[in-house]
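Letter by letter, the chains look like this.
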Amino acid sequence: MIYLDNAATSFPKPQRVISAVCEAQRCYGANPGRGGHKMTLQAGRKVFSCRSILAELFGTDEERVIFTLNCTYALNTAIKGSVKKGDHIIISSLEHNSVLRPVHKLSEQGIITYDVFKVNPADEEETVNNFISLINDKTALAVCTMVSNVFGTVLPFERIGRICKKNNIRFILDGAQGAGSHKVNMKVMPVDVLCLPGHKGLLGPMGTGIIILGENIEVDSLTEGGTGSSSLSASQPEFYPDRLESGTPNLPGIAGLYEGIKFIRCFGGEDAVLKKEGCLLNVLKQDLSVIPNLTVYDKMHTLPTNVLSFNVKGKHSEEVAELLDKTNIAVRAGYHCSFLAHKNYATMESGTVRVSTGIFNTKKDVKNLAFYLNKIAMERIL
Amino acid sequence: MSLTYIKFESQTHGEKAVRLLSRNGIKAQLRRNPNPNHKQGCNFALFVKGDINHAYDIINENNIHNLGVESYSEKL
Chain A
36 MIYLDNAATS FPKPQRVISA VCEAQRCYGA NPGRGGHKMT LQAGRKVFSC RSILAELFGT
96 DEERVIFTLN CTYALNTAIK GSVKKGDHII ISSLEHNSVL RPVHKLSEQG IITYDVFKVN
156 PADEEETVNN FISLINDKTA LAVCTMVSNV FGTVLPFERI GRICKKNNIR FILDGAQGAG
216 SHKVNMKVMP VDVLCLPGHK GLLGPMGTGI IILGENIEVD SLTEGGTGSS SLSASQPEFY
276 PDRLESGTPN LPGIAGLYEG IKFIRCFGGE DAVLKKEGCL LNVLKQDLSV IPNLTVYDKM
336 HTLPTNVLSF NVKGKHSEEV AELLDKTNIA VRAGYHCSFL AHKNYATMES GTVRVSTGIF
396 NTKKDVKNLA FYLNKIAMER IL
Chain B
2 MSLTYIKFES QTHGEKAVRL LSRNGIKAQL RRNPNPNHKQ GCNFALFVKG DINHAYDIIN
62 ENNIHNLGVE SYSEKL
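Quick note, the sequences are listed as chains A and B, same order.
So the number in the numbering used here is just where the residue sits in the first sequence, counting from 1, plus 35.
So the number in the numbering used here is just where the residue sits in the second sequence, counting from 1, plus 1.
Just so you know, these hints were derived from the structure itself, not from any lab.
One thing to keep in mind: the hints can contain errors.
Label-pair distances were calculated between CB atoms; the ranges are [as the list claims (entries may be wrong)]: (1) A:Arg300 - B:Asn64: 33 to 43 Å; (2) B:Arg32 - A:Lys378: 53 to 63 Å; (3) A:Asn202 - B:Thr5: 46 to 56 Å; (4) A:Met383 - B:Arg32: 52 to 62 Å; (5) B:Leu68 - A:Lys200: 54 to 64 Å; (6) A:Ala365 - B:Arg32: 47 to 57 Å; (7) A:Val223 - B:Gly69: 51 to 61 Å; (8) A:Gln77 - B:Asn64: 19 to 29 Å.
In silico SDA-like links for lysine to any residue, alpha-carbon gap of 20 Å or less [to be verified]: (9) B:Lys8 - A:Asp122; (10) B:Lys40 - A:Lys81; (11) B:Lys8 - A:Met383; (12) A:Lys81 - B:Val70.
Source: prediction; values computed, not measured.
All residues carry an ideal CB built from backbone N, CA and C; glycine is no exception.
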């Protein structure tokens with residue numbers, strides 16, 4: 036199988052990730068931070084090691100690295116824990132449903148109001164001005180994706196973050212598609228909260244999500260429960276990470292995530308990853324440019340990226356993905372859990388076929404994709 | 002036998018202190034607090050090899066959240 040669906044989850048995982056997951060289960064699978072015996076302490080130290088490497092990677096303190104179930108849970112916590120009644124939120128036109136839906140729900144509950152700013156991938160000034168035009172005196176929060184999961188567009192998130200800082204607006208960055216390939220340093224970048232999946236670009240297992248809190252940023256808990264600390268108090272601890280980390284953490288997942296990040300470091304860091312994945316996408320774009328009956332959404336790219344969408348004229352995206360699957364090529368089709376992106380960029384009718392390159396893909400993989408796609412576009416595959 | 006240690010509310014803070022002290026050439030071991038009080042509930046105890054007050058100062062200088070120094074007499 037040629038796997039080109041890395042925006043959904045990265046595959047394969049490095050062997051060291053798989054080994055770490057197994058080792059955690061086999062050798063020290065106790066509940067971290069909950070007891071006093073050797074195994075629980077060892078488990079707790081592993082969780083701390085992962086917290087530590089994430090803190091270093093994203094420029095924060097260990098206490099401000101919060102483990103969650105996934106990026107959606109991280110975003111829900113960050114968004115719902117940041118607003119109060121009467122607040123106004125601004126989100127971008129390329130947001131995933133994991134941002135749109137919690138914001139929309141808060142709006143339906145009468146807690147907040149929200150607006151969507153249109154991203155023009157070809158005109159950063161227009162994008163930024165569209166954002167500014169929506170700021171009002173009630174605006175308390177802006178949420179923006181780093182890289183569109185549908186089109187691969189890299190948003191001008193640093194500029195938007197700076198505007199937020201100037202206007203005393205909290206800025207949450209959804210790093211679902213950027214982490215592991217695009218550098219983010221909270222110490223120097225104007226990002227208040229960064230939400231991440233562990234299982235995509237960071238190469239960890241599924242079931243790992245992360246919230247990175249900036250300095251002095253307070254986020255209220257979405258869930259309360261056992262933390263292994265302050266056990267005789269009925270109230271949730273107010274210190275981090277415990278305030279936002281109730282229940283048993285995913286120790287095997289966190290152990291794997293730690294190794295995933297180490298793998299990226301050994302590979303040369305985010306720049307090296309983006310260089311490889313971006314180069315592969317450029318090879319693909321070049322090959323797709325000569326195939327007839329294709330609509331390639333490469334105008335959505337102005338910066339290096341690892342996600343590309345296209346459609347074959349006269350075919351639904353799902354049909355194209357199914358035909359590619361028959362040739363053992365895995366891509367994603369449909370709407371990619373992103374209603375806003377399709378609504379705003381005229382792809383509601385058939386969604387898109389999405390290709391997302393990963394650290395283990397080769398030039399041969401994308402050449403093969405182009406080869407079979409040419410056959411599909413010329414209707415030589417049934 | 003009397004034990005003196007620095008108390009931490011969570012293992013995260015305790016491990017951070019262990020690493021900090023190690024960087025300052027001080028050996029320390031984090032364990033579950035053997036004598037939690039009835040107000041705070043479960044927490045962690047950092048046992049320091051050497052001058053605990055010096056270690057405590059380093060931890061506070063680096064703003065690592067803790068619950069102070071405590072002594073406990075072990076009943077044999």
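Problem set entry | Pairwise hint evaluation, A:Met383 against B:Lys8, where the allowed Cα distance is 20 Å at most | Answer violated: B:Lys8 to A:Met383 is near 57 Å, above 20 Å.
Problem set entry | Whether the CB-CB distance between A:Gln77 and B:Asn64 falls inside 19 to 29 Å | holds, 27 Å
Exercise. So the hint says 47 to 57 Å: do the beta-carbon atoms of A:Ala365 and B:Arg32 match that?
Worked result: Cβ of A:Ala365 to Cβ of B:Arg32: about 48 Å, so the range 47 to 57 Å holds.
Exercise. Within a Cα-Cα threshold of 20 Å, do B:Lys8 and A:Asp122 meet the stated pairing?
Worked result: violated, 40 Å
Problem set entry | Hint consistency between B:Lys40 and A:Lys81 [alpha-carbon to alpha-carbon, up to 20 Å] | At roughly 29 Å apart (the allowed maximum being 20 Å), A:Lys81 and B:Lys40 break the hint.
For this session: Kindly confirm whether 52 to 62 Å is satisfied by the beta carbon distance between A:Met383 and B:Arg32.
Result: holds, 59 Å
Exercise. Regarding A:Val223 and B:Gly69, is the given constraint of 51 to 61 Å on their beta-carbon distance met?
Worked result: This hint is violated: roughly 35 Å between Cβ atoms.
For this session: For B:Arg32 and A:Lys378, compare the CB-CB distance with the range 53 to 63 Å and indicate the outcome.
Result: Distance hint for B:Arg32, A:Lys378 holds at roughly 56 Å.
Exercise. Falls inside 46 to 56 Å, the C-beta gap from A:Asn202 to B:Thr5?
Worked result: The hinted range 46 to 56 Å holds for A:Asn202 and B:Thr5, with Cβ atoms some 50 Å apart.
For this session: Decide if the proposed pair is consistent with the structure: A:Lys81 and B:Val70, CA atoms, cutoff 20 Å inclusive.
Result: Roughly 26 Å between the alpha carbons, so the hint for A:Lys81 and B:Val70 is violated.
Exercise. Is it true that the C-beta distance of B:Leu68 to A:Lys200 lies inside 54 to 64 Å, as the hint says?
Worked result: violated, 34 Å
Problem set entry | Outcome for the supplied range 33 to 43 Å, where the beta carbon pair is A:Arg300 and B:Asn64 | For B:Asn64 against A:Arg300, whose Cβ atoms are near 27 Å apart, the range 33 to 43 Å is violated.
In summary, the numbered hints that this structure violates are 1, 5, 7, 9, 10, 11 and 12.
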